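Peer 1: Chains as they are written, first to last, in this note's numbering: chain A, 2 to 97; chain B, 2 to 97; chain C, 2 to 97; chain D, 2 to 97; chain E, 2 to 97; chain F, 2 to 97; chain G, 2 to 97; chain H, 2 to 97; chain I, 2 to 97; chain J, 2 to 97.
In case anyone wonders, no lab produced these hints; they're calculated from the structure.
Model, not experiment: these values are computed from the prediction.
From the three backbone atoms N, C-alpha and C, an ideal C-beta is built for every residue, glycine too.
Do not take every clue at face value.
Under the rule of at most 30 Å between Cα atoms (straight-line distance), these lysine-lysine pairs were calculated in the DSS-like manner [as the list claims (entries may be wrong)]: (1) Lys81/E / Lys81/D; (2) Lys81/A / Lys29/A; (3) Lys5/B / Lys81/I; (4) Lys29/B / Lys81/A; (5) Lys5/E / Lys5/G; (6) Lys5/H / Lys81/G; (7) Lys81/A / Lys25/D; (8) Lys81/G / Lys81/D; (9) Lys25/B / Lys5/A; (10) Lys81/I / Lys81/G.
Partial selection, computed: residues in chain D whose CB lies under 8 Å from chain E [what the hints assert, rightly or not]: (11) His66; (12) Ala84; (13) Arg87.
Covered stretches of chain E (in silico footprint by chain C; criterion: 3 or more residues with CB under 8 Å from a CB of chain C, positions within the stretch not fixed) [as the list claims (entries may be wrong)]: (14) 6 to 17; (15) 65 to 72.
Protein chains: 10
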Amino acid sequence: MLFKVEMDVNVPHDYDADRFAQLKQAEKDRFQELQRAGIWRHIWRVVGLYSNVSIFDVESSSALHDILTGLPLYPFMDIKVTALCRHPSSVHDDDR
Amino acid sequence: MLFKVEMDVNVPHDYDADRFAQLKQAEKDRFQELQRAGIWRHIWRVVGLYSNVSIFDVESSSALHDILTGLPLYPFMDIKVTALCRHPSSVHDDDR
Amino acid sequence: MLFKVEMDVNVPHDYDADRFAQLKQAEKDRFQELQRAGIWRHIWRVVGLYSNVSIFDVESSSALHDILTGLPLYPFMDIKVTALCRHPSSVHDDDR
Amino acid sequence: MLFKVEMDVNVPHDYDADRFAQLKQAEKDRFQELQRAGIWRHIWRVVGLYSNVSIFDVESSSALHDILTGLPLYPFMDIKVTALCRHPSSVHDDDR
Amino acid sequence: MLFKVEMDVNVPHDYDADRFAQLKQAEKDRFQELQRAGIWRHIWRVVGLYSNVSIFDVESSSALHDILTGLPLYPFMDIKVTALCRHPSSVHDDDR
Amino acid sequence: MLFKVEMDVNVPHDYDADRFAQLKQAEKDRFQELQRAGIWRHIWRVVGLYSNVSIFDVESSSALHDILTGLPLYPFMDIKVTALCRHPSSVHDDDR
Amino acid sequence: MLFKVEMDVNVPHDYDADRFAQLKQAEKDRFQELQRAGIWRHIWRVVGLYSNVSIFDVESSSALHDILTGLPLYPFMDIKVTALCRHPSSVHDDDR
Amino acid sequence: MLFKVEMDVNVPHDYDADRFAQLKQAEKDRFQELQRAGIWRHIWRVVGLYSNVSIFDVESSSALHDILTGLPLYPFMDIKVTALCRHPSSVHDDDR
Amino acid sequence: MLFKVEMDVNVPHDYDADRFAQLKQAEKDRFQELQRAGIWRHIWRVVGLYSNVSIFDVESSSALHDILTGLPLYPFMDIKVTALCRHPSSVHDDDR
Amino acid sequence: MLFKVEMDVNVPHDYDADRFAQLKQAEKDRFQELQRAGIWRHIWRVVGLYSNVSIFDVESSSALHDILTGLPLYPFMDIKVTALCRHPSSVHDDDR
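Start from the sequences, fold in the hints, and give me the full structure.
Peer 2: Structure follows, in structure tokens:
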């Protein structure tokens with residue numbers, strides 16, 4: 002199952018910088034683990050913003066829910082989820 | 002240069018069905034030409050809507066403008082363009 | 002897979018009444034077929050509007066896309082799709 | 002009387018974690034009590050968000066008001082209430 | 002059961018004036034019938050707009066749905082329904 | 002002069018509970034004083050929200066302004082004011 | 002009683018030009034009549050738009066309603082009405 | 002040059018009351034100075050809100066910018082600026 | 002005086018193509034005349050849309066109003082006007 | 002590559018004034034460095050707001066991302082990025 006997930010990160014001005022750096026590193030580690038597993042299929046930065054556009058390929062909606070809510074930076078994110086499906090005109094068999 | 006482009010297609014109720022079918026076929030042909038050229042990198046359908054989420058990889062903003070405004074279904078589309086860039090955490094060298 | 006689907010029906014003032022009545026009957030037949038199959042799990046009317054709130058239980062996102070875009074009244078609908086999942090606090094094993 | 006209720010939970014970053022865990026447990030207990038009583042008919046999680054979509058079946062609007070404003074997590078919720086009614090096409094006598 | 006109903010009337014420029022006058026008269030007759038029955042409890046005009054704010058007191062949500070969708074001007078209306086209940090501070094026993 | 006006034010009350014999580022209880026009691030006293038005077042003609046709760054829909058009948062716009070900005074809970078309110086007038090179809094001479 | 006009224010005029014592309022010119026002339030005549038009577042106190046154009054910002058000084062809300070809905074161009078207008086009152090800091094006794 | 006300026010004042014709950022009273026007095030003094038100079042041509046209160054609608058008549062856009070950003074309450078204001086011009090139908094030579 | 006003007010062009014599907022081509026040519030001629038006169042200082046296309054972002058340098062708000070409403074494509078445009086002024090940090094004496 | 006960037010600066014009421022003055026000076030220095038390099042092509046103030054409209058001419062989307070997120074005031078900014086391209090009607094060869 003394919004989903005577009007848009008994540009905006011908002012950090013309060015007075016949040017502890019060291020703690021946030023640790024969360025950011027943990028987020029990066031978790032992201033790369035999921036990317037290598039083929040679950041977090043794509044990620045792009047939105048120019049000028051602390052935001053990304055991502056494509057997830059998951060076994061179920063519940064799996065996506067658990068992944069997203071378990072992200073280290075989740076408490077700082079505004080998240081928008083959109084269900085996608087394969088486009089019939091695509092010439093690539095594996096366009097995910 | 003990477004862009005996310007979101008296209009919503011709106012057809013008036015009284016539009017001629019044959020003419021629209023021809024435009025749709027021309028759109029599909031043009032899409033596949035651009036997909037094979039590596040310009041229209043990704044396309045996904047939005048579930049339940051006559052809409053897609055696409056990723057374009059173009060030489061310049063002007064090139065993208067010419068491609069989009071030249072699409073056969075362009076006069077029926079609402080289009081939203083967002084500039085993207087590579088994400089520094091990505092483990093894939095070629096994640097476009 | 003569970004989805005909430007919200008449908009608003011908008012009919013142009015000058016649309017042929019007989020043709021719309023036929024589409025409405027076809028919509029009802031298709032709805033009941035899907036309801037009996039356990040796919041269109043729930044439907045409620047929104048008070049005062051020509052709108053419904055529905056819950057679908059489908060095998061895949063693509064299946065939902067094909068069902069929705071194939072509805073007889075689809076060309077008159079504004080549709081909003083939201084991916085849902087089971088709530089962990091639910092005491093019902095089969096709350097879909 | 003049927004209502005769709007959509008609840009979004011927002012917790013301040015600096016809120017005491019233990020106190021919130023207690024409120025969450027109290028919320029779960031109250032939810033299950035209302036679910037067993039047939040009042041909180043359905044609940045689904047919205048994928049990726051700390052939100053739910055619920056269907057309530059109550060004796061009166063006032064009863065719903067008292068239930069919602071008495072929820073342990075109510076002070077953290079954004080709530081949207083929509084009045085529903087049975088759909089005439091439904092083949093289920095008891096689709097609530 | 003109490004509901005606030007807000008109705009905005011939009012008439013196309015090219016709609017037949019006589020036919021609209023007939024619908025308006027039928028709307029007025031139906032309104033007064035419902036007002037006398039105590040169902041359409043209050044109605045006010047919104048200054049400068051072809052809109053009203055109304056309070057309905059109905060037996061059920063379904064009853065309100067049938068009343069609203071049966072209004073002669075319903076096809077020209079944008080309608081917004083809000084469920085209300087008695088306010089506990091009110092000194093009037095019968096403030097509906 | 003008739004006005005619809007919609008009031009949403011928002012209390013910060015860390016506001017002193019005793020002080021707020023005092024303000025609430027003062028608000029109730031002031032409301033009942035204005036209700037008995039025939040100025041605060043109607044009040045209804047919006048189901049599920051800390052909000053009300055009210056109808057005021059005042060001598061002037063300035064009088065309404067002074068009443069609203071003088072309410073004990075005014076600093077916590079989002080307020081929306083809409084000018085109303087009598088509806089010509091009403092069968093009640095005194096529908097205010 | 003003072004009101005700010007914002008009017009946006011929208012004319013369909015295919016509307017008869019002569020008929021619209023007549024309505025425009027009638028609108029201007031009616032405007033000047035009301036301006037001379039001190040009712041339509043101020044009018045300004047919004048730069049670049051077919052819109053104005055106006056201040057009305059009327060005896061009652063109903064009077065304003067009748068004036069606005071009776072304007073020759075009213076069927077083409079989107080109208081927004083805001084109740085105003087005198088500002089206590091004003092050094093002008095007659096700032097209306 | 003004429004501008005409509007709409008100002009909404011928002012004061013945090015925990016802001017020091019004495020300091021705000023001083024700023025308010027300074028704001029009033031500055032307003033009256035500008036009103037007497039014919040620059041702050043009009044001001045009206047929006048009924049029920051801590052907001053005003055104002056008309057400025059300034060030599061340049063830069064002059065307006067300096068005036069607004071220099072107001073004592075500016076840090077608490079949401080401001081909306083709209084460029085206006087004289088209306089050709091006006092019978093008053095000096096309607097500013 | 003400097004203004005940012007954003008123009009979106011919307012053409013009905015059934016508009017006569019030849020007539021629109023003539024209007025487009027007239028628009029281009031008028032644009033270049035104003036550009037050479039230093040009034041229409043800058044113009045950029047928005048990628049993927051039939052829209053532009055423009056900077057005007059005019060003698061007065063009224064002059065801008067007359068220029069914009071006199072554009073050949075004005076009846077097809079949605080227009081948004083924002084008053085600008087020189088930025089104090091700019092190192093260019095003539096940044097307009 | 003050309004981009005329109007709109008920046009709104011929001012400073013919390015309780016932010017340290019000296020520290021903000023330092024950030025502002027650093028922002029000005031960085032801006033002038035980029036302006037001299039021909040990257041930050043244009044900047045204008047929005048009248049009445051702590052906002053600017055800017056035009057950037059950069060080598061790549063990534064370059065813009067790094068520039069914007071590295072601005073000293075970036076943590077206080079709401080930023081909106083729009084991809085632009087040269088307008089074909091422009092008579093200036095170098096209108097950037």
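Peer 1: Hints broken by the structure, by number, lowest first?
Peer 2: No hint contradicted; all consistent.
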